[in-house]
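Sequences and hints are given; from them, build the entire structure.
As given, the protein sequences belong to chains A and B, one line each in that order. Sequential numbering from 1 applies to the first sequence in the working numbering. Sequential numbering from 1 applies to the second sequence in the working numbering.
Worth flagging that the hints you see were computed from the coordinates, not collected in a lab. Treat each hint with caution, since some may be false.
Restricting the straight-line Cα-Cα distance to at most 30 Å, the calculated cross-link-like pairs of lysine-lysine (DSSO-like) are [claimed, not checked]: (1) A:Lys86 <-> A:Lys463; (2) A:Lys547 <-> B:Lys85; (3) A:Lys465 <-> B:Lys108; (4) B:Lys8 <-> A:Lys547; (5) B:Lys85 <-> B:Lys4; (6) A:Lys547 <-> B:Lys108.
Simulated DEER-style distance windows between Cβ atoms [said to hold, decoys possible]: (7) A:Leu522 <-> B:Asp67: 53 to 61 Å; (8) B:Gly16 <-> A:Gln97: 49 to 57 Å; (9) A:Thr493 <-> B:Tyr107: 16 to 24 Å; (10) B:Ser70 <-> A:Gly461: 25 to 33 Å.
Glycine residues also receive a C-beta, built at the ideal position from the N, C-alpha and C atoms.
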Amino acid sequence: MPEVNLSNAVRSNLLSLQNTANLLEKTQNKLSTGLKVNSALDDPSAFFTASSLNSRAGDLSRLLDSTSNGIQTIQAADNGLSAITKTVESLQANVNQARQDASFKSTSYTIDDATIGTAALKTLDFSGGSVGTTPVSVALNSVTVGAATATTLAGAGGDLTAAFTGGTIQVNGTDVAVRGEVAVVAATAPAPAGGSAFNADTDISALNGATVTLTSGGNTSTYTFTNSATGQTAAAITALTANGFTAAADANGLTISRADGADFNIASSTDAVAIAIGQGTGNTAVAVTNGTEAFDATATTLKADFDAAGITGLTTTVNGTHLDLSLASGADLTLTGDDTLLTTIGYATGAGRTSTNGIEVATGAVQTVDQLVAAITADTNLTDKVRATNDNGSLRIENLSLDDLTLTGASATAVDGSTTTNDIGGNTVRRDLSNQFNVLRTELDKLADDSGFNGINLLRGDKLKLNFNESGTSNIEIQAKDSTGAVRAINSTTLSIASSTNTEFGSNDSLDTRREGLNEALSTLRTQASQFGSSLSIVQNRQDFTKNTINTLETGAANLTLADTNLEGANLLALQTRQQLSSTALSLASQADQNVLRLF
Amino acid sequence: MSLKVELKPGERLIIGDCIITNSDQRTRLFIDGQSPILREKDILTSETADTPCKRVYFAIQLMYLDDDTSSLRDEYFNLVNDLVKAAPSTVALVDEINNEMLTGSLYKALRIAKKLIQYEQELLGHATTGGASLPTGS
Numbered sequence: 001m002p003e004v005n006l007s008n009a010v011r012s013n014l015l016s017l018q019n020t021a022n023l024l025e026k027t028q029n030k031l032s033t034g035l036k037v038n039s040a041l042d043d044p045s046a047f048f049t050a051s052s053l054n055s056r057a058g059d060l061s062r063l064l065d066s067t068s069n070g071i072q073t074i075q076a077a078d079n080g081l082s083a084i085t086k087t088v089e090s091l092q093a094n095v096n097q098a099r100q101d102a103s104f105k106s107t108s109y110t111i112d113d114a115t116i117g118t119a120a121l122k123t124l125d126f127s128g129g130s131v132g133t134t135p136v137s138v139a140l141n142s143v144t145v146g147a148a149t150a151t152t153l154a155g156a157g158g159d160l161t162a163a164f165t166g167g168t169i170q171v172n173g174t175d176v177a178v179r180g181e182v183a184v185v186a187a188t189a190p191a192p193a194g195g196s197a198f199n200a201d202t203d204i205s206a207l208n209g210a211t212v213t214l215t216s217g218g219n220t221s222t223y224t225f226t227n228s229a230t231g232q233t234a235a236a237i238t239a240l241t242a243n244g245f246t247a248a249a250d251a252n253g254l255t256i257s258r259a260d261g262a263d264f265n266i267a268s269s270t271d272a273v274a275i276a277i278g279q280g281t282g283n284t285a286v287a288v289t290n291g292t293e294a295f296d297a298t299a300t301t302l303k304a305d306f307d308a309a310g311i312t313g314l315t316t317t318v319n320g321t322h323l324d325l326s327l328a329s330g331a332d333l334t335l336t337g338d339d340t341l342l343t344t345i346g347y348a349t350g351a352g353r354t355s356t357n358g359i360e361v362a363t364g365a366v367q368t369v370d371q372l373v374a375a376i377t378a379d380t381n382l383t384d385k386v387r388a389t390n391d392n393g394s395l396r397i398e399n400l401s402l403d404d405l406t407l408t409g410a411s412a413t414a415v416d417g418s419t420t421t422n423d424i425g426g427n428t429v430r431r432d433l434s435n436q437f438n439v440l441r442t443e444l445d446k447l448a449d450d451s452g453f454n455g456i457n458l459l460r461g462d463k464l465k466l467n468f469n470e471s472g473t474s475n476i477e478i479q480a481k482d483s484t485g486a487v488r489a490i491n492s493t494t495l496s497i498a499s500s501t502n503t504e505f506g507s508n509d510s511l512d513t514r515r516e517g518l519n520e521a522l523s524t525l526r527t528q529a530s531q532f533g534s535s536l537s538i539v540q541n542r543q544d545f546t547k548n549t550i551n552t553l554e555t556g557a558a559n560l561t562l563a564d565t566n567l568e569g570a571n572l573l574a575l576q577t578r579q580q581l582s583s584t585a586l587s588l589a590s591q592a593d594q595n596v597l598r599l600f
Numbered sequence: 001m002s003l004k005v006e007l008k009p010g011e012r013l014i015i016g017d018c019i020i021t022n023s024d025q026r027t028r029l030f031i032d033g034q035s036p037i038l039r040e041k042d043i044l045t046s047e048t049a050d051t052p053c054k055r056v057y058f059a060i061q062l063m064y065l066d067d068d069t070s071s072l073r074d075e076y077f078n079l080v081n082d083l084v085k086a087a088p089s090t091v092a093l094v095d096e097i098n099n100e101m102l103t104g105s106l107y108k109a110l111r112i113a114k115k116l117i118q119y120e121q122e123l124l125g126h127a128t129t130g131g132a133s134l135p136t137g138s
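Below you can see the structure in the form of structure tokens.
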């Protein structure tokens, strides 16, 4: 076949046609896919920019997933905190209810006087309840020891018939003054001086009418002078020697005495008489006190002396030659003092001077209801544990605890001091509340344990770290912390909520303390919740921003393979105009007005 | 390391929520601290922000001065998405800006936004002078 020679024109047309066919193919391809840039060959830079943007969007999406997980974790912790707060509020309500409750159990008992008696000491014992295992006793009575018997002391020997000397004896320390035999000593007036000679028949008629009188108690003797010149001295002696007085003549006057020793007075009516008898001067009576009266100490005087000592309950009996003594109270009797006198009255030296054979009277009584109430109230070992009141004549015992209280010495109806026991139950309302408290507390711990997501539980003290960019240089760490910045988990221990006990729920003071503790727990929970809340809002903010960024990238990447960069300028101009009318510009302007730019 | 700022006479400077106006002498200031700082030449107002990219810059500026990305976030993304739809080649710069904002460096975002404005000027230049459009295919 000879070569086909093509002319230049034909050749160029052929090339042109081939190119056109090529273009057509390309255009058809573009039309079918809708993308201007189908492969790297079409528009390399655009294609690679788009794919890198797409992969960057992918990275950010993955970051977004972990941020979402982080948000879920924080929300789980937040939900846990809400539930725990409600539980703590329930605990508070429980404690308040217990505090208000006063349904402590009590029993009223009569006092069985007869069984308690006064023969032996009886007590009522409290144990159990809040008292504890060591019983606390309250006396039910005081004890009488038999009937009183007088103490007797019998003398022996002794000699009361003969005269005995006085002295002091003590009966149980009290003095008894015993009078002894006293011999008489005559009372004698002083010897006369310068008087008339009464031993001769002196003329004392000049004393006519005057008198001399001797007095001693009821005894008197007197002589009235006459004007007789003779025989007066003898007459005077005769007259004056009467009623126990003895007047004797003396060359210098009269000697006067009393044999019985009683005191006497010599009274002269005139001075002349006094001179004549030689006793005294003037009208002043001469008192004579130098005698001693006789005293006859006998068994009778002895008994009188004992009686006069004023010893309560002492009876003295003369028994022949000695004395017997008895003391009605039954107290021991002891004689001390003058040894000779004691022997005389029948108590020679030795043990015979003490007697212990009597029995003293003791007053015993059974306690009354009021006395028992006072005793129980005063006993500090029972304060806030047992309350006693007078219930219309019966003893009402209230058990101020949650555990059973045991009374030893009481039956179901009466206090009798025997070995029988009776129980008073504990406060069941408070006991139930105490149990409920512990159930709620356990629930609290379970809630704290269940507040995790994806293996991280912020309430357990775990740390959550969230990255905001692919390299991790921008991130946030979230962990439960206390006010000092130390890591602090949330559970019943860190909230200081210990288990309740029967003792605690039985005491109003303990419940008040518990209430304050729960208040503090609530404020800890609130603080922690607000910390988590602010962390959550930071993370959510970042999440929204990241989502928007991804959206922008995807929009940009898609549009990059669609539009012609040369059109972009025109598009921008159109956008510029459009924006002037849009609300976006308005809101930007209003925002600008609110900040520092308004000053610009 | 303090920031050194030189002010010409009468030039203004924003620090935090205050405007400092210089007197009639050149001044040099050394500034430390966290508050936002903007020189007068870097400040746009709602009147001077009249193109899409300038508006984007303006939004970032407001967020920078308030130190809070959440207040204008929606408006910002509206602007940015419109921009990217109209001129997809800006997406690379926009992504850089977003990256800085995501990590809280608003001042760096502002600097990149300035580059964005310059790029925009180029594109607008194409449109107004009318450059070559479709390739001839030969």
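Now the hints, each set against the structure:
no. : hint                              : in the structure
1   : A:Lys86 <-> A:Lys463              : 25 Å, holds
2   : A:Lys547 <-> B:Lys85              : 17 Å, holds
3   : A:Lys465 <-> B:Lys108             : 25 Å, holds
4   : B:Lys8 <-> A:Lys547               : 43 Å, violated
5   : B:Lys85 <-> B:Lys4                : 39 Å, violated
6   : A:Lys547 <-> B:Lys108             : 21 Å, holds
7   : A:Leu522 <-> B:Asp67: 53 to 61 Å  : 34 Å, violated
8   : B:Gly16 <-> A:Gln97: 49 to 57 Å   : 55 Å, holds
9   : A:Thr493 <-> B:Tyr107: 16 to 24 Å : 47 Å, violated
10  : B:Ser70 <-> A:Gly461: 25 to 33 Å  : 30 Å, holds
The structure fails to meet hints 4, 5, 7, 9 from the earlier list, while all remaining hints are met.
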